[in-house]
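Assemble the complex: chain A is given as a structure, and chain B must be docked to it using the hints.
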Amino acid sequence: MRRWRRGFRGGNEHQDERFEPKFDCKVDELLEMAWILEEEGSDSFEELKIRADHDFDVQFENASQAGMLEVKGGKFTLLPNGRERAREIIRRHRLTEVLLTELFDMEESHAESDACRFEHILSPEVTESVCTLLGHPPTCPHGKPIPRGECCEKFKKEMTPLVTPLMELRPGDTGRIVFITPKSHTILDRLTSLGIVPGSEVRLHQKRPTCIVKIGETDIAIDSNIAREIFVKRV
Amino acid sequence: MDCRTAGNEIKTDLPQLILVGNPNVGKSSIFGALTGKYVTVSNYPGTTVEVSQGNVTLNKRKYLVIDTPGANSLVPMSEDEQVTRDILIEADKATVVQVADSKNLRRGLVVSTQLAEFEMPFILVLNMADEARSRGIRINTSGLQKALGVHVVSTTATQRQGIDRLMSGISQAVLSSHRIKFDRLIEESTSEIEALLTGIEKGKRGIALTVLSGDDSFTPWLHDHLPEQTIKEIEAIRSRTQEKYTQPLGYVINLRRLRAVDRLVRSLQTTEKTLLRRARKRSRLRRVHPLISLPIFAAALYGLSMLTAMNPLFALLSIPLLLFSLYMFGDWGTHQVYGIPILIGVLYLTWLFVGDFGAGAAVNFLQDTVFGKYINPGASWLIARVLPWNIAKELLIGQYGIITMAMTYAIAIVLPIVGTFFIAFGMLEDSGYLPRLAVMVDKIFKAMGLNGKAVLPMVLGLGCGTMATLTARILDTKRERVIVTLLLALGVPCSAQLGVILGIFGSTGAPFAAMAIWMGVVFGVIFLVGYLAGKLMPGEKTDFIMEVPPTRLPQITNIAIKTFARMTWYLKEAVPLFIIGTLVLFFSDKLKLLSLIEKAAAPAVQGLLGLPAKATEAFIISFLRRDYGVAGLYQMSKAGQLDTVQIIVGIVTITLFVPCLPNFLVIIKERGIKTAIAIILFIIPFSFLVGGALNWILRGLRIFS
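Sequences listed follow chains A and B, in order.
Residue 181 in our numbering is what sits at position 181 of the first sequence, and the numbering runs on without skipping anything.
Residue 339 in our numbering is what sits at position 339 of the second sequence, and the numbering runs on without skipping anything.
Treat the hints as calculated values from the structure; they're not laboratory data.
Every residue gets a Cβ at the ideal spot worked out from N, C-alpha and C, and that includes glycine.
Check before you lean on any hint, since a few could be wrong.
Non-contacting residues of chain A with respect to chain B, defined by C-beta distances greater than 12 Å in every case (computed) [to be verified]:
id	residue
1	His142
2	Glu168
3	Arg234
Listed next, the in silico DMTMM-like pairs over lysine to aspartate or glutamate satisfying Cα-Cα at most 20 Å (straight line) [unchecked claim]:
id	chain 1	residue 1	chain 2	residue 2
4	B	Lys443	A	Glu229
5	B	Lys541	A	Glu229
6	B	Lys244	B	Glu187
7	A	Lys214	B	Glu272
8	B	Lys614	B	Glu394
9	B	Lys37	B	Asp164
10	A	Lys144	A	Asp114
11	B	Lys273	A	Glu201
12	B	Lys181	B	Glu192
13	A	Lys214	A	Glu168
14	A	Lys183	B	Asp476
15	B	Lys669	B	Glu573
16	A	Lys183	B	Glu540
17	B	Lys146	B	Glu119
18	A	Lys233	A	Glu201
19	B	Lys446	A	Glu229
20	B	Lys93	B	Glu201
21	B	Lys232	B	Asp215
22	A	Lys72	A	Glu47
23	A	Lys214	B	Asp331
24	B	Lys273	A	Asp173
25	A	Lys26	A	Asp55
26	A	Lys214	B	Asp262
27	B	Lys204	B	Glu194
28	A	Lys233	B	Asp262
29	A	Lys144	A	Glu29
30	B	Lys572	B	Glu50
31	A	Lys207	A	Glu168
32	B	Lys204	B	Glu228
33	B	Lys232	B	Glu192
34	A	Lys26	A	Asp114
35	B	Lys202	B	Asp92
36	A	Lys207	B	Asp331
37	A	Lys214	B	Glu131
If we strip away everything but chain A, and leave its shape as in the complex, we get (with noise of 0.2 Å):
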């Protein structure tokens, strides 16, 4: 996420405030769209022009002047700054499509609409998560490479997803329970009566031959089935 930030405010800050009004979702349809161009394999600014959107002259305007985008001799080249920001919009806009689609079951015509809003409003934070609930996936739905983000490295390194059912914790770590989704009213009762509820923080304690958490100074014995119907997210 800092990387973004670089890359939005990187260097010209200055430039910056004045830019922020107009640089707006349209920019991004731009640099989204030479990003799509590069990985087929094309950089002709024709085509560019052609495949973006109606005003496409203010935008690229908008974008030279950022020192995002530079054209020469009718091909066109992504700067580092305008590449980066690309590849965050990429990102944002594949991993939506998988989020939509293989969690939501969405259609995937509807999918790519709702895809290309979420885009332009995802906050860095929102996108690491979704990413990391996602299991980091390498590719969008149409199979197309998904840029990877700062967690997907963490994730080569450390295999933790964000969300994990509370039997999937190793004994002694800890994690704040997201939600719970037991098969019964009573089950949830009889947790809420020992304050384990969303937001409450657990300590796995053991797993075998039954599971026992921590909360608060109390050792509770639970059901494995019901510690899987347990959502943490490791702390």
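Coordinates of chain B only, in the frame set by chain A:
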């Protein structure tokens, strides 16, 4: 339910002090400290299932103190929590002493906020202050007083610290001003319901929230206090509100309550991380790794068994060893691998103490020396001189004499066994090992349609089936309670019976083989019946959720007082029944009824089980006391009237045979007359069938001939 409320009916003009709080926070200790009256104090949730009462005089004013079962919420989840809620709601001019665990303030405050809603004047006692202090947990009590608007006292009840402050603080109990603000929708519905509660003086908000939470156990109370029309209106408000939420309202309310409590805890409690870490490190040191401690433990056990073989008095050493080992590695007792040798070690130590010392040395001394050499001959000598009538002589010192049979059985055979068992059991209770056992056996109990929590009443049943049947209240569903009651009545021998059984096996030619067969059959039967009952009884399986208290070093004084209280209770309950049983036998014998019954039972007792006719007596008196029945067999085997197969068959049958009279009465009280009769009608033929089958198999295999 009517039966129980009648039993808990508190009839007094005295102002009441009601002790309320989460399970295992020390309500019973505080009750003891206030009233000077002992109620069982143990280290596991659910020790108090019955309500105890006592008196205390504060500032020249006499109060009735009531100890209630632990409750995590005043919207009850189980029968014992319901008992507490019912007492609170019925209490008119009562002061509540809310006891909370200082190191688990959050759970205590949940109850405090509910007490505030029910408009009960209370003071908050932060107990176990020592444990919180050693963990670096500091509570800003003056801040808490301000936030709740009630008096707060911190105590360490087991060391009587702060009890004086508690006593002087009781007069300062006031209504709490603290109110949790719920969602707008819930607040609106609450005030609508409150408006409908005409004629109800206090606690309207609490009642309204209870109703909104959808608590079924509250319905009877509503019907008692409100017209049908109003109840319908209230129900309409409830369902209308519920429709607006996807989650059950009870959960929404609880969640909100916990959030509010969490905010309070965050602002009032500080934890010194270093102290907490040091406390955890201390307990790590205490938990010597089992790979080191278990071999030492095993060596100690081996040494002890050698010593005991030389002289049973050495079995006394098993008590300090048990105490020490439970404290040292009790925390490993839930481990999937190390837990098993620890369990075996604990069982072995208990067996050494109860079997070798209690049933061996102590019984021999009392029976052969005290009764055999002094009391019985002395009584015979005295009575022969004082009482000229033959019938009176026989009644006291004859074959079915009150002194020679009833008192010898009760005091010489059963009392030492029960006493030693209560000592060992008290250790297990106070060390916190029993809930850990529940964790270990959860999987096995699952197969019987129960869960690990059921191990508490079952193990308690090894002490006394009557008490254990009461403890079944801690289980979550009616189905589980019925299954546990059935298994307790059928197969779990009580300490008295168990001790005598161990004694008999010791006197056979092949004690270990005989005991192994008996244990195998009884365990097998319990498991099979449990399995079938679990399959046949309607209802869902409940999952295992249970609090595991910290391991603590048992206090010798508590165990001594507890054992003493239990032995007194045993003497009060058992001795009269032993005398009645003896009288029954005496008169049936005199009226020749005994031989008639023996003839009538001959096809079953002599034919099916292959036992001598005299064994019928044992079955008759075991209707009164299970241990008494076995003691009859014990006497017969000592007299050489039974061979090994007969002993095994007889004991298996009598173990499975009917529960004793007090237990049967408690079954009626707790589960209803229908269930009680159904259980008896199943048990009588079933136990004989198992005994018959075993007889046939053992004879067929010719193992002991």
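So which of the earlier hints does this model not fit? none
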